[in-house]
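Protein chains in written order, with full-length UniProt numbering: chain A, 1 to 235; chain B, 1 to 235.
Hints may be right or wrong, so weigh each one.
[Said to hold, decoys possible] Cut-off 30 angstroms, straight-line C-alpha distance, at most; resulting in silico cross-link-like pairs (DSSO-like, lysine-lysine):
#, chain 1, residue 1, chain 2, residue 2
1, B, K197, A, K197
2, A, K166, B, K197
3, A, K166, A, K141
4, A, K197, B, K90
5, B, K141, A, K90
6, A, K90, A, K174
7, A, K174, B, K174
For the record, the hints were derived by calculation from the structure and aren't laboratory data.
Number of protein chains: 2
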Amino acid sequence: MTDKHLSTQFDAELSEISNRVLEMGGLVESQVAQAVYALTNFSGETASLVLDRELRVNQMEVEIDRDLSAIIARRQPTARDLRLLIAISKTIGNLERIGDEATRIARTVQRLMNSGVSSRLRLPVADIAFGANLATAQLRKVLDAFARLDVNRALEVLKQDDEIDKEFDGLLRKLITYMMEDPRTISSSIDLVFVAKAIERVGDHAKNLSEQIIYIVKGTDVRHHTVEAVEDAVR
Amino acid sequence: MTDKHLSTQFDAELSEISNRVLEMGGLVESQVAQAVYALTNFSGETASLVLDRELRVNQMEVEIDRDLSAIIARRQPTARDLRLLIAISKTIGNLERIGDEATRIARTVQRLMNSGVSSRLRLPVADIAFGANLATAQLRKVLDAFARLDVNRALEVLKQDDEIDKEFDGLLRKLITYMMEDPRTISSSIDLVFVAKAIERVGDHAKNLSEQIIYIVKGTDVRHHTVEAVEDAVR
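So here's chain A without its partners, still in its complex pose (with noise of 0.2 angstroms):
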């Protein structure tokens, strides 16, 4: 077996690894979006199916640690390689508590409406469900920029994160003000904020995959560091 060999089939297995990471970021995404469907929709089936598949993603990420580990422990790579293999690590971790996020909502779905709360929660409802949309196109963005190895894409999510942030503290203050009007909504209302929470969680994963994206490609740990010296990096 020739070295060039060796390597062709090291690099299938990678591409492999990264199409699981793809799946796996394909079902979290419709996690979110069903989270928020059915919270918007008081819809207990769809609350049902988010569940479900919280056991399938929790299997992916555990079964591709698994195999990342044997891939490094086998192929022994470095550089660019290395970056790929400890970057997918870290990429499924954020998957995987994006899933959980969505599963938070989903319970909270349930909870809502087994106390039957559903005509007088209409107007955050409808606020949060455009915030979670922010939040869903960020991810579908972020797993795009993946696929791609995009670092423009996965600077541009990083860049638009705030805007998440902002719709979190406006809705924050729209429930507060909600509360305060009628009091008989508060313990609904706290559902409601960490529902919010939860959505601006989801954004704040898609930065940290974005991060992730940009040191695959540049070598660089972009973690912790401002808007402007991620600009630097990348560019």
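Once you've looked at the hints, dock chain B against the given chain A.
Same frame as chain A, now just chain B:
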């Protein structure tokens, strides 16, 4: 240079990096303790100390991660050594997130103080301190377990996470009652809801750290397992 010599050098590297993980752990442990002290004593000065340390914690995460990659590329470890290095990578990610939670609490203290709400919030603050002490004790215990690679101690931490979750649920109910009785406290109480959530997360991260210790020593990935299944893996 003999193989034995090389191996001794490698052992020294592993031990040096483990010590830095413990140093980082000590730093975030004191951040959490200080954040809780700042809250219970309304000390803006202590809150500032927590924020000052954030930079150093972030820096340690980046430095340790960089050195981990360099060690993997140079030493090409397998089996337990590779597991240790991969687990350390996840461990420092968790420690950094614990530092983030402490930072969130410290920022909330500053905001509460700026809005001048100290006296009215006495009751729930004491309850939060109780939950926070549980979480800090868990964190101390798991760092101790990491230092000795003690799986039984790690297992204890894992089993005790339920207590923090119960504490959080009780605290949330108390805060909701509090808001209903006096809607003027809603805004500040929401701040305390997030503080309580941050403390619950510290507990979650301590649990994650336990799972990494079990992975290093036993080679079994026990994430997403039931407590019973983890006990089987450890014994």
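Against the structure, the hints:
In summary, the hint linking B:K197 to A:K197 is supported, as the alpha carbons are separated by about 11 angstroms, within the 30 angstroms threshold. The suggested pairing of A:K166 with B:K197 holds, with an alpha-carbon distance near 20 angstroms, which does not exceed 30 angstroms. Using a Cα cut-off of 30 angstroms, the hinted pair A:K166 and A:K141 holds, with the two alpha carbons roughly 19 angstroms apart. This hinted pair checks out: A:K197 and B:K90 have alpha carbons roughly 24 angstroms apart, not beyond 30 angstroms.
Taken as a hint, the B:K141 and A:K90 pair is honoured in the structure, with Cα atoms around 25 angstroms apart against an allowance of 30 angstroms. Restraint check: the Cα-Cα separation between A:K90 and A:K174 comes to about 35 angstroms, which exceeds 30 angstroms; the hinted pair is violated. The hinted pair formed by A:K174 and B:K174 meets the criterion: a straight-line CA distance of about 22 angstroms does not exceed 30 angstroms.
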